[in-house]
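Chains as they are written, first to last, in the numbering used here: chain R, 186 to 399; chain L, 908 to 1090; chain X, 3 to 309.
Some clues are possibly wrong.
[Claimed, not checked] Here are the in silico distance ranges between beta carbons for each label pair:
no. : chain 1 : residue 1 : chain 2 : residue 2 : range
1   : X       : R283      : R       : L237      : 53 to 59 angstroms
2   : X       : P29       : R       : R337      : 36 to 42 angstroms
3   : L       : D933      : R       : G200      : 42 to 48 angstroms
4   : X       : G264      : R       : Q328      : 42 to 48 angstroms
5   : L       : E1061     : X       : N230      : 55 to 61 angstroms
6   : L       : G1067     : R       : A232      : 45 to 51 angstroms
7   : X       : G134      : L       : N995      : 56 to 62 angstroms
8   : X       : I135      : R       : L385      : 20 to 26 angstroms
Because the hints were derived from the structure by calculation, they are not lab data.
Backbone N, C-alpha and C define an ideal beta-carbon position, used for all residues, glycine too.
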Amino acid sequence: MNDQWTDRLSEYVDGELASGERTALEAHLATCAECRATLEELRRVVARAKALEDRAPKADLWAGVAKRIGSGQVVDIRSRRRFSFSVPQLIAASIALILLSGSGMWLALRSRQTATRTPRPDAEWQVLNVSTRRTDAAIADLQEVFERNKSRLDTSTVRVVQQAFTTIDRAIAEARAALEADPGNAYLNLHLADTMRRKLELLRRVNAIAAAQS
Amino acid sequence: MRDQVIEDTLPADSIAADVALAASGDASAFERLYRTHVARVHSLVRRMLDADEADDLTQDVFVRAWEKLSTFRGESAFATWLHRLAVNVVLGRRKTLGVERGRFHGGEDPLEGVSGRRETPEMSMDFEDALARLPDGARQVFVLHDVEGYRHEEIARMLGVVPGTSKSQLHHARMALRRYLDR
Amino acid sequence: MLTMLTAAVLASLAPQQGETDTTIAVPAGASLSVNNFGGSIVVHAWPQNRVKIHAEHGSRGGIEASLAGNTLTLRAGSRHGAPSVVDFEITVPQDMGLTLSGTYTEIEVDGVRGPISAETVDGSIDVRGGSGIITLHSIQGSVTLADATGRIEVNSVNESVELSNISGQIKAETTNGDVSLMGIKSASVEATTINGEVEYEGTISDGGTYSFTSHNGDITVSVPEGANVTLSVATANGDIDASFPLPFTGTREKHRYTFKLGTGSARMEAESFQGDINLRRPAEMHMQHKDKDKDKHRNDNQDHEEP
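If we strip away everything but chain R, and leave its shape as in the complex, we get (with noise of 0.2 angstroms):
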């Protein structure tokens, strides 16, 4: 049903009708028992909508966020003290360090200040962009070279390896996800570049033991 009657009617029930046109459908509206009818069923629609009731995860998601959040919920008893820090905790709270007796400087969280970000290095983002296009070309050339001589293999090697090649690109697609949302961030791109060389490594590898197969 789309005349030109029905597609106003949500808009209508919403008050986003300008007043000519407002006036011209409830004329309409007036002479017609249908579009009456879908008039009300798109009203009783929105009414269920805001009637919807919220739920609660069937799963008590609560322990996931702790671990997330780090809130320690975890007893050891063999270890007396504990100083564990959460990552989240580090980067959210600013640090305030107490001289402690001593021995040092200690480190202790305070809250309110969120840790000033420092500015992303755009040249050494540019740097990587080009040094994982390389990595990623000899990974694929590599691959090619195993696909094309597994068969020399045992079935059960390669199904070994590619658990092996599974384990490894998931962690490349994290460690790529993370780098996306903090492309400035050191770590995160050593991190990236070690575990794209690890793919490589274990092709050559593999590559190498199949040439040996003939």
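Fit chains L and X to the given chain R structure using the hints.
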């Protein structure tokens, strides 16, 4: 707005106190906030995306809230702030999927062929199920407008469309959902 | 039977019985190379200048032996082109260098004092002893090394790597498995995995470099009291947990934190993308490790019961 319901059932002081405590690193206070608001957040996430991702994303929302708690200045209700944060997390997730899909086109009806007509109640689908079946874009407009109360201008900005698209998608969503009212 | 082989003599030994037993005299300083395909290679040591070989290869198989210069080479013989499955049991002079390789081969070495290279595709490698250059590689198989000293490089791909009571330079790596280094005396350690945990219990020497990395596993490092070390700890999604005070010297960027203990002389990197970084005292690590061993041996016994 719907957030007022939560704020009204608990003394405002206790929520404000928990927010202050949580902002200074008190995880038990944050857990109390979590318990109070998780149903709301989870439902929003579930309706905007899908049930599969809702658990993970709900956790993401709360972890982000913990990280950003120090930026909450208390000018609006905490529930409103948290709610907006949840919407942002959901929209951020959408962006990483990168696919512009899920709009109604022309006269199609995505729920066509799915039983839900009143004539066959034994195979019926309830309103929330039907909502989940809408194309992503239309569903999100519907959730943001009719469930969460955002206006078309805001929705258009959030989803990266023009307000006209938001309005027409809303209309189509409502028209499609008409059949599932009585479940 | 005492046999002396000279020059490039390729000999097939006792093909009919399914077993070969022979002892070969070797010059001092000789090394042994064993190439197997399927089966196992087990090497023990004795204080004699002879190599005793016991090989089980089935009636269709055999082994080939050749002595060229200073290297005795044993090979799984192949009949009609198909490589055979051989179980080698070899006793060698204590200082003999070993190069052992196989495809579906388990390798076990005990009591030697010389350099060792062991490589297999599908099979575990277990070595006790060794000195000098020690290289152990497996793809599908766990690798363990104990009581060794020297320049050590150990890796697996799909299983764990365990080193205990080792001194020297160490590089230990795997992809889908844990890396465990216990009782280490070293000033240069690198341990890395992608999907697994890393644990280290050993010295932290002044001027030493230590690197422990994982993608999604926890890193647990023991830091003795009085250690002088600059700790660079990085994790994108995990926690940092220490059993002792950690003097914080700053964070130059998100995810990475530096702590300085004592003079900060040694340099240590403990990094996990998603796992936690745990810093412990040696006594705690011993306790934790004992518990883990108990669990592991419980599981080992179950494995042996399977048909």
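Status of the hints after comparison with the structure:
Range check, R283(X) to L237(R): about 54 angstroms between beta-carbon atoms, so the 53 to 59 angstroms window is met. Hint check: P29(X) to R337(R), Cβ distance near 37 angstroms, so the stated range 36 to 42 angstroms holds. Between D933(L) and G200(R) the beta carbons are some 45 angstroms apart, a value that agrees with the proposed interval 42 to 48 angstroms. Judged by the Cβ atoms, the range 42 to 48 angstroms given for G264(X) and Q328(R) holds: they are separated by roughly 47 angstroms.
Roughly 57 angstroms separates the CB atoms of E1061(L) and N230(X), a value that falls within the hinted 55 to 61 angstroms. The hinted range of 45 to 51 angstroms is not satisfied by G1067(L) and A232(R), whose Cβ atoms lie roughly 29 angstroms apart. At about 59 angstroms, the CB distance of G134(X) to N995(L) agrees with the hint of 56 to 62 angstroms. At about 24 angstroms, the CB distance of I135(X) to L385(R) agrees with the hint of 20 to 26 angstroms.
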